[in-house]
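Participant: In order, the protein sequence lines correspond to chains V and S. Numbering of the first sequence is given in the working numbering, commencing with residue 1 and proceeding in unit increments. Numbering of the second sequence is given in the working numbering, commencing with residue 1 and proceeding in unit increments.
Please note: incorrect hints may appear among the correct ones.
[What the hints assert, rightly or not] Which residues of chain S face chain V? A partial, calculated answer using Cβ under 10 Å:
(1) GLU23
(2) ARG27
(3) CYS39
(4) ILE68
[Unchecked claim] Beyond 12 Å from chain S on every Cβ pair, some chain V residues (computed):
(5) ILE66
(6) ALA125
(7) GLU247
Hints were generated in silico from the structure; no laboratory data involved. Glycine included, C-beta positions come from ideal geometry on N, C-alpha and C.
Next come the chains, spelled out residue by residue.
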Amino acid sequence: MTETRTIHVGALARVEGAGALHLCVENGRVVELRLEIFEPPRFFEAFVRGRRASELPDLLSRICGICPVAYQMSAVHAIEAAWGVALHPQVRALRRLYYAGEWIESHLLHMTFLNAPDFLRLDDAIQIARLHRSEVERALRLRKLGNRILILLGGRSVNPVGVKIGGFHRIPTGSELAELGDELRRARGEAEALLRWFATLPVPSRPQDIELVALRHPSEYPLCEGRIVSSKGVDAAVHEWDATFEEVQLPHSTALHARLRRDGGSYLVGPLARVTLNADRLSPSAAAARAALAHRFAAPDPASSVFARGIEVLQAIDAAIAAIERFEPFPAQPEPAPRAGVGHGATEAPRGLLYIAVETDAEGFVRALRIVPPTSQNQAQIESDLRALAPAILALPEDEARRACEAAIRDYDPCISCATHFLTLTIERSESCVSG
Amino acid sequence: MRVRVIGVGSAFGDDAVGLAVAELLARRPLPAQITVARCERPMPDLLDALDEVEGIVLIDATRSGAPIGSVRHLRAGEVTRANATSSHGFGVASALLLAQTLGCPAARVEWIGIEAGPRRLGDPLSAAVADALPEAAALALRLASEIAGLDARR
């Protein structure tokens, strides 16, 4: 007799954007599994064609309310590569500070508001606030600091507008930075205490064989630069992204799935990959926090991502302090001159590697833009994780099984809204959709 | 008592009405006890806007079936925690509830709703909603003055 069990989560809760999960198991074997991303595509890549490249930092900041800096950073690095712009070292340092602000804000939002309810078996952060008020307040204080950094360099925290090709529209004063540095130094202890609290929570464990992919810089923990490396031998320059990975359209998702060209395999980008592949680049306080949680990083385990985020909050605080301590006033930079060309940028968004390729004409107008966000790269890995998880949840009641699947998906902090820019209508018409 | 008037909204057509009212008030001379803030993202920015005030007046677009542009002083219980399933959908009421759970000192909360029409990105306010701005601003100022213990006519 065939025993079939279907788990359908119509609308995934506590993720950024709209998605669903369909899982069908027959005689203990997964016969259908689809992470369905049905959020409509937004066609950013198409509608920026013909716009000035200088508009991209503001336009792409609108892709995401949680990780706008990542889009700005990958875009300006791609344009600067195309135009041969040499960055002033202080601009480079301020970009690390700016990006650190986004990491702090995004990681704390996910850890406290989206992930923690899973570990505490509560419905939302409001219930956590009732039971663990001081931890939620601590997380909110830290998050606010991240917000302050975004406002200082981006002009505002939501869809910031301070970035331009070659630098920032406004450089903070020495005293603004000194004041921020003092706050960051005080925040380090708070971030350590918050991570210690997360370490006391019953966070599950799902170690598995995953290829981890992240940037690696010769001397720093990666943010804006580096080579793309993996735990299984990938070592590629940013402009070789296309030679290393490929994107495919699947009928059940408005986001493209990325896979390795080498063997068609899935891979994981994000905090877990960064913390594992760049353990030797962590700041002293982040390295100490990782050492205290070493057992959670013995093998790749998506459920350990919450700890990787906590470690990266410390890393971001230290990177921000380092940028501020090295700051010296510098002269206004000349406006970069456009030229015809193609440039590639890859930076580390809170959720993982974000690759952008841009082609401009000699007047600086965008001829083509390509965006590969981290969630699109993680989709195949999320499905593979759920496939592995399925046998363990079959015996659970319906609600529990659904909850376990949703919690596993949340470990990746998917930003579905970001990922759904890619639907090509031609391809969709040429394939029939699998019925739910 | 310190009061903050908080305009909530986004750049989607009439959904920007809360922001527009806040901008209108911010251009006026206001008593020292009354400040104005804009909030484009309830979670978590509304939490920041609740700092150091004892009362708030929230202004947001509504969709209730009333004529477009109608301005209403909403009663407690009329605002529900709808669509609180993602950080994108963590709405004003949820953010407020979280703030109150965390001991936010804003003991007095008043809501003003302005019925919205079309909400398309980049569109200006519809004429009916734009016409309602002075009425909404006057109501916000009256409520804020009441909470602050001031005479609104001054």
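Participant: Does each hint hold? Answer for all of them.
Facilitator: We went through each hint and held it up to the structure:
{"no.": "1", "hint": "GLU23", "result": "14 Å, violated"}
{"no.": "2", "hint": "ARG27", "result": "19 Å, violated"}
{"no.": "3", "hint": "CYS39", "result": "9 Å, holds"}
{"no.": "4", "hint": "ILE68", "result": "25 Å, violated"}
{"no.": "5", "hint": "ILE66", "result": "7 Å, violated"}
{"no.": "6", "hint": "ALA125", "result": "6 Å, violated"}
{"no.": "7", "hint": "GLU247", "result": "24 Å, holds"}
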